[in-house]
Amino acid sequence: MCGIVGIFLKDPKLEPQLGQMLASMLCVMTDRGPDSAGFAVYGNGKADHVKLSLRAVEGYDFAALADGLSTTAGGKPALSVRSTHAVIEVPAAKEADVRAALAAQYPDVAVVGAGSRMEIFKEVGLPKNVAARFDLAKMSGTHGIGHTRMATESAVTTAGAHPFSTGVDQCLVHNGSLSNHNDLRRNLTREGLTFATQNDSEVAAAYLTWRMQQGASLGEALKAGLDDLDGFFTFVVGTESGFGVLRDPIACKPAVMAETDQYVAFGSEYRALVDLPGIENAKVFEPEPATVYFWDRAA
Amino acid sequence: MNAQTNLKAAPDETFDLGANPLRELNGALHKAGVETNARRWLVANPNGRHAVACGINAPLDVTIAGHVGYYCAGMNQQARVIIEGNAGVGVAENMMSGFVHVKGDASQAAGATAHGGMLLIDGNAGARCGISMKGVDIIVKGSIGHMSAFMGQAGSLIVFGDAGDALGDSLYEAKLFVRGTVKSLGADCIEKEMRDEHKAHLAEKLKAAGLEGSIDISEFKRYGSARRLYNFHIDNVDAY
Chain E
2 MCGIVGIFLK DPKLEPQLGQ MLASMLCVMT DRGPDSAGFA VYGNGKADHV
52 KLSLRAVEGY DFAALADGLS TTAGGKPALS VRSTHAVIEV PAAKEADVRA
102 ALAAQYPDVA VVGAGSRMEI FKEVGLPKNV AARFDLAKMS GTHGIGHTRM
152 ATESAVTTAG AHPFSTGVDQ CLVHNGSLSN HNDLRRNLTR EGLTFATQND
202 SEVAAAYLTW RMQQGASLGE ALKAGLDDLD GFFTFVVGTE SGFGVLRDPI
252 ACKPAVMAET DQYVAFGSEY RALVDLPGIE NAKVFEPEPA TVYFWDRAA
Chain C
46 MNAQTNLKAA PDETFDLGAN PLRELNGALH KAGVETNARR WLVANPNGRH
96 AVACGINAPL DVTIAGHVGY YCAGMNQQAR VIIEGNAGVG VAENMMSGFV
146 HVKGDASQAA GATAHGGMLL IDGNAGARCG ISMKGVDIIV KGSIGHMSAF
196 MGQAGSLIVF GDAGDALGDS LYEAKLFVRG TVKSLGADCI EKEMRDEHKA
246 HLAEKLKAAG LEGSIDISEF KRYGSARRLY NFHIDNVDAY
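Chains as they are written, first to last, in my numbering: chain E, 2 to 300; chain C, 46 to 285.
These are computed hints drawn from the structure, not numbers from a lab.
From a predicted model like this one, the values you see are computed outputs, not experimental measurements.
Every residue gets a Cβ at the ideal spot worked out from N, C-alpha and C, and that includes glycine.
A few of these clues could be false.
Below, a list of computed lysine-lysine pairs in the DSSO-like style, where the Cα atoms sit at most 27 Å apart [said to hold, decoys possible]:
| # | chain 1 | residue 1 | chain 2 | residue 2 |
| --- | --- | --- | --- | --- |
| 1 | C | 266 | C | 148 |
| 2 | E | 284 | C | 186 |
| 3 | E | 224 | C | 228 |
Now the in silico label distances, taken between C-beta atoms and shown as ranges [unchecked claim]:
| # | chain 1 | residue 1 | chain 2 | residue 2 | range |
| --- | --- | --- | --- | --- | --- |
| 4 | E | 199 | C | 271 | 56 to 62 Å |
| 5 | C | 238 | E | 288 | 33 to 39 Å |
| 6 | C | 262 | E | 288 | 29 to 35 Å |
Take the sequences, apply the hints, and build the full model.
Structural data, given as C-alpha cells:
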C-alpha cells in the first residue's frame with residue numbers, strides 16, 4: 002500500500018497554513034502507511050544559498066556540527082534543528098566543500114536533501130507522531146509532498162522512508178512496487194550512482210537523477226521511466242516550482258486530485274483531501290495513467 | 046460537504062457520517078426490511094469514506110450527499126443509491142439488483158462482477174469499468190478507461206463517450222455499445238453489426254435509465270465477442 006499526498010498553493014494567503022494542511026492529509030493516510038512517514042516542504046530560501054537537510058540519531062549535537070563547519074562554509078551556517086533532523090543553510094558556492102567535510106568528518110550524518118527552498122524530514126512511526134516530532138503543522142511554504150509507508154519489499158528504517166531526493170530542490174514519493182529494481186540498481190551503480198538502502202523507490206529516485214544528469218528534463222525523465230521502470234507506481238515529485246504526478250500505464254495505484262482557485266491537492270484517496278478549505282466546491286478528478294502532470298508556479 | 050440533495054421530499058432518516066460511525070449506518074440499512082416505513086435515507090458528510098451503503102437488501106432510496114471512497118453500494122440488492130459526487134474504486138461491485146447513480150465520475154472497476162441492476166454514471170469511469178460483469182447494465186455518459194468489460198460475461202455496457210485501450214478483452218457474452226472512439230479492442234473483441242434488435246435493446250436500456258430520447262441511438266457502434274477464445278476448438282487440442 003502506502004499513501005501519498007501533495008499540496009500546491011496558488012493563493013499566497015494560505016502559505017502559513019501549508020504545514021497544517023499537509024499534516025492533516027498525512028495523518029488521514031495512516032491506514033495506508035503506518036510504518037514510517039516523511040515530507041518535503043518548500044519554504045523560504047535565498048537563491049545564492051543551499052539548504053542541506055541532515056539526519057542523525059536522536060539527540061545529535063547539530064550545534065557543534067554547525068560550529069565545526071564554520072570555516073568550510075565561510076561563516077557559521079544558519080541552523081534549524083527539528084528532532085533527528087537539521088537544516089543548515091550554506092552559500093551555494095561552498096556546497097561542494099561542505100558536503101565533502103560532512104562526508105569526511107561527520108560520517109554519522111546523512112544528507113537527505115538539498116535545495117534553495119526544499120527541506121526533507123522523515124522518520125519511522127505513525128504519521129501523526131512523525132508530523133508532531135518535526136512540528137510540521139507550524140511550517141509554512143508554497144507547496145509540499147508527503148508519504149506514509151506500508152513497507153513491502155525492504156526494511157522499515159528511516160533511510161527507507163520517503164521522500165527520496167532526486168536532485169537539487171527535487172524529491173520523490175512512491176506508492177507501488179517495482180519488479181526490476183535490482184537490475185536497475187546494478188546498472189545505475191555502474192553509472193556511478195550510490196544507494197543507501199535495498200528500497201525500490203530509492204532506485205526510482207536514482208533513475209530520475211541519472212536521466213536528468215544525461216540532460217533530460219524532469220518531465221522527460223518521468224516519461225522515460227514509463228519504459229524503463231517495470232512494476233506499479235504512482236509517483237509525486239516535488240520541484241522548486243511545484244509538483245508533478247505520474248501513474249504507471251495500468252494505473253494500479255490510486256490517485257485523486259482536487260483543484261480550486263486557491264490550491265491543487267493530491268491524495269492517494271479522496272479522504273486525505275476532505276479537510277482542505279473549499280474542498281466541497283473543488284474540481285475533483287483522477288489523473289490519467291501514463292500521463293505526466295505538472296503544477297507549477299507561473300514561470 | 047453540505048447536505049445538499051436532490052431528494053424531492055424530506056428523507057425519512059438522515060444519517061450524519063461526520064458524527065456517527067459507518068458501521069452504524071450500514072447496520073441500520075441492513076436491518077431495514079421490505080416492509081420498513083423508513084424508505085428514503087439521506088447520508089450526510091460521506092467525506093470519501095469506503096464501503097458506504099454496502100450490502101443493502103431492501104427497496105430503499107439512499108441519497109449520499111458528497112464524494113465516496115471504495116466499494117460504495119457494493120453487493121446492492123433492490124435499493125436505489127444516488128451518489129451526489131464522485132465514487133472511488135469498485136462502485137456497485139457485485140450488485141445483484143437495484144439502481145446506483147453516480148452524479149460525478151467513478152474510479153476504476155465500476156460495476157465489477159455485478160450480476161444485475163443498473164449502474165448509471167453521469168461523468169467518466171476509470172479503467173476496468175464493468176470488469177467481469179455478469180448481467181448488470183452500465184451506462185456511462187462520459188468516457189471509460191482501459192481494459193473495460195474485461196472478461197465480461199453478460200449484461201450491457203453503454204458508453205456515450207470514448208473507450209480506452211483493450212475494450213472487451215477476453216469477452217464472453219456482455220454487449221458493448223460505444224458512441225465515441227475506441228482506442229483499441231482487446232483480444233477476441235470485435236465490432237459487430239448494429240441491427241434493429243440491438244437498437245431496440247439499447248433503447249430499452251436507455252429508457253430504463255430515464256435517458257430515452259436524450260441521445261441518438263444510431264450514433265452507437267456495437268462490440269462483442271468473436272467467440273474464438275472461449276470455445277474449445279478441436280484444432281487446439283494439443284494445447285491442453
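Evaluation of the provided hints:
1. 266/C to 148/C: The given pair, whose Cα atoms are some 25 Å apart, holds under the 27 Å limit.
2. 284/E to 186/C: At roughly 18 Å apart (the allowed maximum being 27 Å), residue 186/C and residue 284/E satisfy the hint.
3. 224/E to 228/C: 20 Å, holds
4. 199/E to 271/C: 56 to 62 Å: Given about 46 Å between the Cβ atoms, the range is violated.
5. 238/C to 288/E: 33 to 39 Å: 37 Å, holds
6. 262/C to 288/E: 29 to 35 Å: The hinted range 29 to 35 Å holds for residue 262/C and residue 288/E, with Cβ atoms some 33 Å apart.
Hint 4 alone, counting from the list given before, is not met by this structure.
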